[in-house]
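Here's the letter readout for the chains.
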Amino acid sequence: MVKNSFIFVLLLGFVFLFFNLFADFSGNTELNGLAGHYAESAHKEVGAANLVTAVIVTYRGLDTLGEVTILFLSAAIVSFLLKIETASTENRKLRATSEILDTASKILVPVIFIFGIYVFINGHLTPGGGFQGGAIIASGLVLILLAKPLRQISQRLISIIESISGLSFVLLGVAGILFAAGFLDNKILSLGKFGTIFSAGAIPVIYIFVGLKVGAELSSIIANLQENQKEA
Amino acid sequence: MEKISLEIVTLITGIILLLIGIWGLLTQKNLIKMVIGFALFDTGIHIIMVSIGYVKNRTAPILDQAVKTNEAAEKIVDPVPQALVLTAIVIGLGITALMLAYVLKMYQKKKSLEINHYNELKW
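Line by line, the protein sequences are chains G and C. If you number the first sequence the way the working numbering does, the last residue is 232 and the count never jumps. If you number the second sequence the way the working numbering does, the last residue is 355 and the count never jumps.
No lab work stands behind these hints, which were simulated from the structure alone. Just to be clear, a hint being listed does not mean it is correct.
Unchecked claim - To spell it out: a stretch of chain C is covered by chain G in this simulated footprint if at least three of its residues, at any positions, have a beta carbon under 8 Å from a beta carbon of chain G; those stretches are:
id : stretch
1  : 244-255
2  : 262-268
3  : 285-299
4  : 312-319
5  : 322-329
Claimed, not checked - Pair by pair, the computed Cβ-Cβ distance ranges are:
id : chain 1 : residue 1 : chain 2 : residue 2 : range
6  : G       : 1         : C       : 346       : 15 to 23 Å
7  : C       : 258       : G       : 106       : 40 to 48 Å
8  : C       : 346       : G       : 104       : 33 to 41 Å
Glycine is no exception: its CB is placed at the ideal position from the N, C-alpha and C atoms.
Turn these sequences into a full structure, and let the hints guide you.
Here's what the structure looks like:
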């Protein structure tokens, strides 16, 4: 009883905290200084039509590198925790996958992969980008595993893709220091014509590597969880 | 009747989700349900951040035929919270996967998902 009232008081405290935020909040009517600067000069400085991409890959590129590192770290810890200690000989008893799911996965998985690649290649023009595209690719992998739960996913291939794309991301950043204004500057390639696919300098290249890396990391998390299920 | 604006609706939604998440974290005994509570808490914060970056009657921060480059500053919402939320979603996903991996490991050890059965660190 004491514990319940304590929880109630804590929740009430949070309500009070957020009520203050809510009561003072009236909605913005114009951009603040930083956002205004991005809106006015991002198309000249960066050349990306999608301003969120411009902020993520160029203005805040170092943060994105840190974010990818955190994701890598959590994928690494998951695979460390769930590594299979004993090679289990007995498999789970599974119902056979239905014909519909099996056929649909064969047709849909390539389409999902192509859509994921489309999303991260067009990240500087349309809503989307490396993280979203990577997540779409990983969702295709989930569909494969739903259709064939005992299928082995090659961890080796995943780790090769992951390391190469991570290394390329950092090397492109260092190339920014050598050939342009600073780390992860996208002007190492020409900015091109605004609004076309070959524009915004190095942003599409960086986003392709981010997409591959995120896709590989999420796939490795999924594959680890799936492999561990067999054992339990 | 006065119309309720979009940012107020999303802000209230975010706060409600966040409170449900905290309630779930504090009251649920099942480890998986606690992870779900954490995920709801996370989502609530994301919705609050996006709704704070919203600017009345404006569109997404993508420059195309609808938003010309010279009038972008008058037509788009704030791109910075959206970029921040994109980052936060990915990190939240990593944390959730990590927590689920811990839960799986704990379950393999004791064959139980009840938090009350794990009292080694209780004081």
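*Which hint numbers does the structure go against, in order from smallest to largest?*
Number 2 - this is the single hint that the structure violates.
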